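Chemist: In order, the protein sequence lines correspond to chains A and B.
Residue numbers for the first sequence follow my numbering, beginning at 1 and rising by one.
Residue numbers for the second sequence follow my numbering, beginning at 1 and rising by one.
Worth flagging that the hints you see were computed from the coordinates, not collected in a lab.
Among the clues, some could well be false.
Far from chain A, by Cβ distances over 10 angstroms, these chain B residues were calculated [as the list claims (entries may be wrong)]:
hint: 1; residue: Ala195
hint: 2; residue: Lys257
hint: 3; residue: Ala380
hint: 4; residue: Ser439
hint: 5; residue: Val511
hint: 6; residue: Leu570
List time: in silico BS3-like cross-link candidates among lysine-lysine, alpha-carbon distance up to 25 angstroms [stated by the list, open to error]:
hint: 7; chain 1: A; residue 1: Lys64; chain 2: B; residue 2: Lys492
hint: 8; chain 1: A; residue 1: Lys54; chain 2: B; residue 2: Lys273
hint: 9; chain 1: A; residue 1: Lys54; chain 2: B; residue 2: Lys257
hint: 10; chain 1: A; residue 1: Lys12; chain 2: B; residue 2: Lys492
The structure displayed is predicted, hence computed values, not measured ones.
Every residue gets a Cβ at the ideal spot worked out from N, C-alpha and C, and that includes glycine.
Chain by chain, the residues run as shown.
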Amino acid sequence: MPTLDQVPIGCKGIISSIKGEDATAQRLMEMGVIEGEPFELVASAPMGDPLEIKVQGYRLSIRKSEAALVFVQVS
Amino acid sequence: MHEITAPLKSFRIALLGNPNTGKTTLFNVLTGLNHRVGNYPGVTVEIKKGSFVHQSNAIEILDIPGTYSLAPRSPDELLSVELVLGLNPLEKVPDALLVIADASNLERNLYLATQAFETGLPVILALSMVDLATASGVKIDFKALSEKLGIPVIAIHASKRKGLDELKNAIVSLQTEKRMPPVPVFSQDVISNRAKILGLLGDKGSLFLAGRLLFETDGFLAQQLERKLSLSLTPAILESREALKSLGINLVSIEAKSRYAWIREMVQPCVSKPESKVTGFTDRVDRILTHKVFGMFFFFLIMFSMFTGLFVLAKPLMEWIGEAKNLVGQGLESVLPDGMLRSLLVDGLLEGVGGVVVFLPQIVILFGFLSVLEDCGYMARAAFLMDRVMAKCGLSGKSFIPLLSSVACAVPGVLATRVIEDKRDRLATILVAPLMSCSARLPVYVLFIGAFLTEGYGWWFPGLVLFLMYGIGFVTAPLAAMLFKSTILKGKGAPFLMELPVYKTPSFSVVFARIYEASFSFLKRAGTLIAATMVLIWAVLYFPYVSSTGENYPERIAATENKEQQDALLLEWKKNSYLGRAGRSIEPMVKPLGWDWRIGVATLASFPAREVVVGTLSIVFGLGKDAQDEQQLLEILQKARWNDDPDQPLLFNVPSALSLMVFFALCCQCGSTLMVIRQETGTWFWPAFTFIYMTGLAYIAALLTFQVGMLFL
């Protein structure tokens, strides 16, 4: 299963799981990045990092290192 | 725990909300800038307290810093939780909570509200940005939502003062009728284990706190509470966690999942969203503003305009302040008799006050720009664009603008770090901001490049040297940040997750409030200290004014009409002053840098404010304090010999001129910056640290410059 940093720009799908049990994973989930949520990878910054995603109806900037913790299902 | 029987008790509420919800605007509008900053030891956050009167009810508001979740992982975040729950010994427990939520992004904003619902306090929900929600086709039935949640739900537009009376009425009516919020639903196993922990907490407990202890895996909160409330919690928490784990419950995700599921259940019947997603205004604008080429172009255009504005607009204002200062000085000189009092007022106090006020134009202009960029939503995009570059030195995109602002002046630059949420990132940015070459260094560069690196070189050479001088800051600051982030500020910070808010028209009242706050807090806290430092430096240059042979310098200067004689006396006086003596005694230290005692004195005198160096050089090279013509100073520097002895070699050559410039590029010769660092970090440790590391770095770099330079000469 791909992670959020591996899918192409413009890709839509569903978040399937978050790796890890630390504060980072917890913070991601508080911000609405939780399993079962639809997402859209909107853009990436000029040097490819960070990424801009849409989740829970808002835009979130997320670094590739954190995006690599988010497993997604592409629709 | 709410029965406090004081005769004149005001109703206390705590204001909670996500960042970018207009929380600060609401606070300012409710309290009318009538607030003060609470003082809590050991934390860097500013927590404001304000009050207002509505229908003869006194209401006190505590402004809790904007947050997405009440999950404490640092002392700053812990303070917020303590204040909300009334666990802080310095504050009484609030009577109610006011949660402000962005209606255009309701679900995520309500996450924090669900935590507030578990505190056992009545809650009022204020919804901001309803117009943005409506524009994107979202319709919210406030009445239905209020009924569903069982609490007041009020739409507000704080900067247009809409919905405020209704909100105030709701707050006042809470005093008589407490409408308790619903409790978000968790699975039965979570509830029973949470109840066990709740039992241990005694009268300090709440469902929220018990839940936090259960869900928080890093143990920070448990340790803090055990220490502060002297309870033993950890064994019971671990036992409950194990019990839940054995049931196959993922403790990390269960909280977020349950809360979001519950929010959806509450919100869905009350909110209608458009069927097909229309491409919104923000999407269209973002296609350009975060574009790989156009986005960067636009970013640099904005930065360039900001800088040009900062230099071009601030310069005449700063000159006016200078002129006004001179006028007041002349006025004082004409009415006061010659003597110590006049010198104290004109050369000490007036210089000190002037030295504070002169920063105001830059602060006002920079904060004008920054708050417009912040309020319209562009600031987050700028951080998004620059994050990759800044990540290389261990910072985030949010550090870029404060560092760039420091090229104009580190004082507003340090103030601008307030946008950086991560504490370590913010501190690292504050510590390296003064390394950026600020505008006060320019006169030194211009003087010494003009004197020693212009004649006999190509037309392009002076410009190149100036560029390299600025380059020192641009290279050293990121390197220093990288060093600090991997040593003293090491540690895993919060992940850089940043909301990119919807674009909107900046509100005048928000921009005004931020400018006012930055200027006022600078004047009030840093300003007094800066003025005091300037008076101190006046004193060490004034005393003793009688030489060991009994000559009274001020009297003799007043007695003579001859300008040359006056300048010579002034030089002798300053040489004899405490600062002059200190300068001479440090000559062995500055000699390896290629300087004599006069440069030593000028450097020492410019520690409070580097811009005075040109004036001090004029004094120590015998030109008097008001050398009108910089060309004259330049020629004297070119001809100056070691210790003013005609038999000695020339004082300055290229290596010693460069060593002086390098020293000024890296040294922390700015009392104002140090005071602002003190103001922003809340301790004397960090300004002391900044001073020591920068001065040490400057000394070593100047030493290397001179010694290596001499090898080539």
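Chemist: Does each hint fit the structure? Answer for all of them.
Modeler: Results for each hint:
Every Cβ of chain A is farther than 10 angstroms from the Cβ of alanine 195 of chain B; the closest lies at roughly 22 angstroms, confirming the non-interface assignment. Distance to chain A contradicts lysine 257 of chain B as a non-interface residue, since its nearest Cβ pair spans about 6 angstroms, not more than 10 angstroms. With 10 angstroms as the threshold on Cβ separation, the claim that alanine 380 of chain B sits away from chain A is violated: the shortest Cβ distance comes to roughly 7 angstroms. Distance check on serine 439 of chain B: its Cβ is at least 29 angstroms (rounded) from any Cβ of chain A, clearing the 10 angstroms threshold; non-interface status holds.
Listed as outside the interface, valine 511 of chain B is consistent with that label: its C-beta sits roughly 23 angstroms from the nearest C-beta of chain A, beyond the 10 angstroms cut-off. No Cβ of chain A approaches the Cβ of leucine 570 of chain B within 10 angstroms, the least distance being about 57 angstroms, so the stated non-interface status holds. A threshold of 25 angstroms between alpha carbons decides the hint, and for lysine 64 of chain A with lysine 492 of chain B the separation of about 16 angstroms falls inside it, so the pair holds. About 16 angstroms separates the Cα atoms of lysine 54 of chain A and lysine 273 of chain B, which keeps this hinted pair within 25 angstroms; it holds.
The suggested pairing of lysine 54 of chain A with lysine 257 of chain B holds, with an alpha-carbon distance near 18 angstroms, which does not exceed 25 angstroms. Straight-line distance between C-alpha atoms of lysine 12 of chain A and lysine 492 of chain B comes to about 31 angstroms, which puts the hinted pair past the 25 angstroms bound.
Comparing the model with each earlier hint shows violations of hints 2, 3 and 10; every other hint is respected.
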